[in-house]
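J.: Could you fit the two chains together into a complex? Lean on the hints.
Listed below, chain by chain, are the residues.
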Amino acid sequence: MSVITYRQALRDTLRAEMVRDENVLVIGEEIGVFEGSYKITEGLLKEFGPRRVKDTPIAEEGFVGAAVGAAMLGLRPVVELMTINFSLIAIDQIINHAAKIYGMFGGQTSVPLVIRTPGGGGQQLGATHSQNIELFYSFIPGLKVMAPSTPAEASSMLRAAIRDDDPVLFLENLGLYNSKGEVPDDYAEPENTKAATIGRAAVTREGSDITLIGYSRMATVATKVAEQLAEEDISVEVVDLRSLRPLDRQTFVDSVKKTGSAVICEDDWLTYGIGAEIAASIQEGAFDYLDAPVRRVAMAEVPMPYAKPLETAALPSVESISTVIKETLSAVGKRVG
Amino acid sequence: MADTAKPKGGSARASTAKRRTRKDTTGLENEKPETLLDYYRQMLFIRRFEERTGQAYTQARIGGYCHLNLGEEATVVGLMTALQQRDYLFTNYRDHGYAIGKGMDPKRVMAELYGRVDGVAKGWGGSMHMYDTETRMLGGYGIVGGQLPLAAGAALAVTYRGGDEVVMCQMGDGTTNIGAWHESLNLAKLWNLPVVFVVINNFTGMGTTVDMASAEPDLYKRGAAFRMEGERVDGRDVLAVRDTAAKLVERAREEQTPFLLEAWSYRQKGHSVVDPAKYRTEEQKDEARSDENDPITIFDAQLTKAGILTDELRDEIAASVKAEVAEAADFAENSPKPDPSTLFDYTYATPVPNESRRMPADPVFAE
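If you read the sequences in order, they're chains A and B.
Note that the numbering used here has the first sequence beginning at 6, numbered continuously upward.
Note that the numbering used here has the second sequence beginning at 48, numbered continuously upward.
Chain B on its own, in the form it takes in the complex (with noise of 0.2 angstroms):
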């Protein structure tokens, strides 16, 4: 599965005509029906709940920043699918669907992305830091390349106990460029720590093309300096990134060692919600939202001409994915907000004398 297709210099702006090679129902006979509308099912919905945080976000309801993984969907299903249960996973702050994807209830999601006490972090993190340690969903982080060491860490605490856990770490392409990229690739591998590490590419780190920050533009080569395979995927395609992300986590999981795997794909809008993406030209606009660069317009077709999904079944997922979007967003609304008197439950975890619980008018001496 040699460099397939894309990013060639990895600017939007590069040609579209190899875009078009890819297999259209190839494939699709060896899979089983209702695994493939599982897929789908999960992709609408990542969509759907994304949209609807867009929609809270400009109404006020979700503060903060706040990172889409829309157009990502493809990606972000295959690779939750390639993990196992016992897998841990590490991400940046674009991490909603892969929140939802590892296992935590779309419900808390959103109720963190309300900022509720029913938020998988209690509504202390927000948008960018989902985490849940039943799920093994790790941590979304907002500084870029902050979760690369943490996850050769964890891979680290796995070998030390002689676990098979494979640990995903997930990130964007502008990472690349950060130092905690090189140390923790050197470490990953000089360790032989069972990671992959995941490169999401949308050909731009907030308006910065990978042209314009990468002297290798060819990201998955990029591992070659720690002597780490890695590998392209289209990560429009949601069983080219299953297959390829769990060859890698198997492969981390027999072998002990550490793999990188590099996923294209195109960011729909701006770098967050509030992100009108002016640097994007009309073409390439046009290009990001394109039905033939969206991954569920993809997969609809895939599966609808390969008589899986009916018109039927297609209204029916759509119901469904809808009230179940809309249940989590009335959770979410419903969930009460964090009450003042918790501001100092989690500053530390082992309690000692002369911790601060000084509000901000308070004298420094109590009484």
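With the rest of the complex left out, here is chain A (with noise of 0.2 angstroms):
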């Protein structure tokens, strides 16, 4: 084991699958020359050359879609889209086209394809460039969606998606890129035969208390709000959603009918939002053994604002988690903290 960032650990996995596969090569903005917005591609240009680091001018639609192209003849393109936000001028390829060719063409055709790119708030970055629209793709049969935590989960799950004939959008986040974590030594191994099982969610820490359930950045975030409470003697569980296509919904079930109260976590907005379908899940799967009504913890609904105390506000923290795991233990008469 070898301590890391999540952002050397995407790196060396992406690497590790080009040497791997002849098929592998990597398109996207700023990917070569510069060598990634946030570093990720960082060498491949000089170590794999023009032919499979390929810099696109600035044209979402068109590069995502000829990686769909390209995907159809059998190569297994990686794209980089540079944060998700971009993802909207290429949504047409993603959603009218990545993710219906191979039923629409009834099985002819896969698209192995991955979209990386990364969601997140809290970099000051204002209304356009710090949403979380992994919704948008979750809602998508013929899609599926990865979302890891930590570094070992970005190496498996990427080496996963990679090796996935289907389309995969792959969500990073800006606030985990510089978050450290121990992988396996043979990580950035090309033989590596490890690879994480796309559809799967875990239990990331036992608890018996209640359940809190988060993924990408949110669900390093409830490992925090876990391990402070557990200071107050809360026992919180925690769920770890990890692929949001398809949705892994028996292990959180599972996990509420152990502790009987649920708080869903989330980067996104409320309404509509991811913790609608985990909670409407929840309600459907173990209504008997609910104690509490099913809480979540969202961004607030405005379009993001620049200035720091106002972004700050408008995210979920540790303390509002925190304060929503104590009310609702509350209301189920549990005694709190």
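Treat the hints as calculated values from the structure; they're not laboratory data.
Ideal Cβ placement from N, Cα and C applies to all residues, glycine included.
Mixed in with the good hints, there may be bad ones.
[Claimed, not checked] Some chain A residues close to chain B (C-beta under 10 angstroms, calculated; not the full set):
id, residue
1, Arg57
2, Ala64
3, Glu65
4, Ala72
5, Ala95
6, Pro146
7, Ala165
8, Asp253
9, Ala285
10, Gly290
[What the hints assert, rightly or not] Within a straight-line C-alpha distance of at most 20 angstroms, the following computed EDC-like cross-link-like pairs (lysine to aspartate or glutamate) qualify:
id, chain 1, residue 1, chain 2, residue 2
11, B, Lys154, B, Glu374
12, B, Lys154, B, Asp377
13, B, Lys352, B, Asp85
14, B, Lys236, A, Glu34
15, B, Lys236, A, Asp60
16, A, Lys199, A, Asp170
T.: Structure follows, in structure tokens:
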């Protein structure tokens, strides 16, 4: 085991997959000469050359669509979209084409494409650069959506995404790139066959009082909440969704059956957000086990402001999540801290 | 072959004077009669196939949107003849003729229109989404402009592997105004991709004329922004289309660079089967359906004048086309309808846990 950043886990895994499979190429803005806006593709142009590391013009619809077309002929493009906000310019190619081509033509051609892109607020990037719109893609049958929260997950999930024959929206997070964690020693080996299973959530911390559900950056925040509340003798079970489509409902429903209550923390907006689907699933799958209403802690429903105090106020935090957990536990009459 | 007549502003109202300058039988002497008769038969086949399609649509045997190639037969056959078998094709939703021209079995194209299991896409695509890996027709696409980035990407895969296939990407005149057009032509030229972008100019995107939609209505010139050579061809003339397209296809293969081809012809009917085209004046309707603009009538006259097509042959071809179209319709009619149990067969190519297989009334959690 070694400790590395989420960024390095992604970069080294991407490199390993390019070594392993000649059909893997990377396509995107500023990924070659500039080495990536967030340096995930650092060194790749030097090692693999411009054939396999393709810098593009600022034309998201064009190059995402070109990656879809290349995937139809059997290449395995890994596209970088500088932020998920820019995916909106490519959304026709992602939703109307990448997600449809396998089914619409009766299973004749798959689209082995990965679109890597970071979400994330909290960087003072303002309204158009701080959105978490993975919901749009999680809504679409034909797409797979993965959201790793740790370096180890980032590595094994990227490996799984590249080796999968379907289009995968691979959600990263600006707030996670510098986060550190343990990874297996062979995480960057091209021969590594230990890929994550797409479509599986995980209980990343066991607990007995309440279930706290998150994904991507919010899964790491959830872990912090659980650690803090443990000091107040509150036992929080943390579920990291990891895969937003397919959605592993059974894992969090089983957890709620055990704890009797649930809080969902999400970086997107509450109304119609990912948490709404989770809450509805808990209601259907664990109705008889619920001791309190399922609560959601989500972003305030405003276009994200630039000014720091406003931005901070809009985002879910360790404090706000802890408060909601305590309120939920009080509602069921469980002792709180 | 600069500026071969018609458009001038692109309106279907434009002067008819220039249209009669076309060559008659000149050039036919260098062609094999059997080749010409084959083109004639293919054109007639598309005509009759589309007429039958329109009929089946009005009988509710075919559903959804349905766009016909009536009036474009010379363009379709000329373009498909210009491609090698190994070349790839992407088209828009007006794709029945192209599917047949690229080599798909008409019976299976008709079965797709009927939504049956023997359809080219097993009934998943319908009229707008013909697809066949084997003949390399990589899809009709229903979103205007959607196929352009895909075609560029297919060509990228070809060059990535050092192949010598060319990608042809067909579209309508309205497509030249959408963002994907600009992005795809730019990428194709920038990355030296062997793509021939073909604009079928029938002067109207649904009911919006080229004049109303395009600030540069000479569409073949619109590649200039990308330093992409463009040509215009009279799409009523099967040999002109074939020759111009073949030249550009082979240049794309040789020079590893994209080209633009505009082929103009008349859309004989409305945008789709259900469109009565009320936005057209009687004069415009007459023009679109006149014998002098009908590619089959034109070619028939040429071949007859050259002594290649006799009354006997014409009858023979008509009868065999009629029989083959009837056979396609029978095949479609008798092909089984897909079973609802196959509903989840094609959501994902790689199965993973927790894929939803929930029917509308099923609970989220089974059992």
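J.: Confirm or reject each hint.
T.: Here's how the hints hold up against the structure:
no., hint, verdict
1, Arg57, "8 angstroms, holds"
2, Ala64, "4 angstroms, holds"
3, Glu65, "8 angstroms, holds"
4, Ala72, "6 angstroms, holds"
5, Ala95, "9 angstroms, holds"
6, Pro146, "5 angstroms, holds"
7, Ala165, "9 angstroms, holds"
8, Asp253, "5 angstroms, holds"
9, Ala285, "8 angstroms, holds"
10, Gly290, "5 angstroms, holds"
11, B:Lys154 - B:Glu374, "7 angstroms, holds"
12, B:Lys154 - B:Asp377, "8 angstroms, holds"
13, B:Lys352 - B:Asp85, "17 angstroms, holds"
14, B:Lys236 - A:Glu34, "17 angstroms, holds"
15, B:Lys236 - A:Asp60, "14 angstroms, holds"
16, A:Lys199 - A:Asp170, "17 angstroms, holds"
Violated hints: none; the structure is consistent with every hint.
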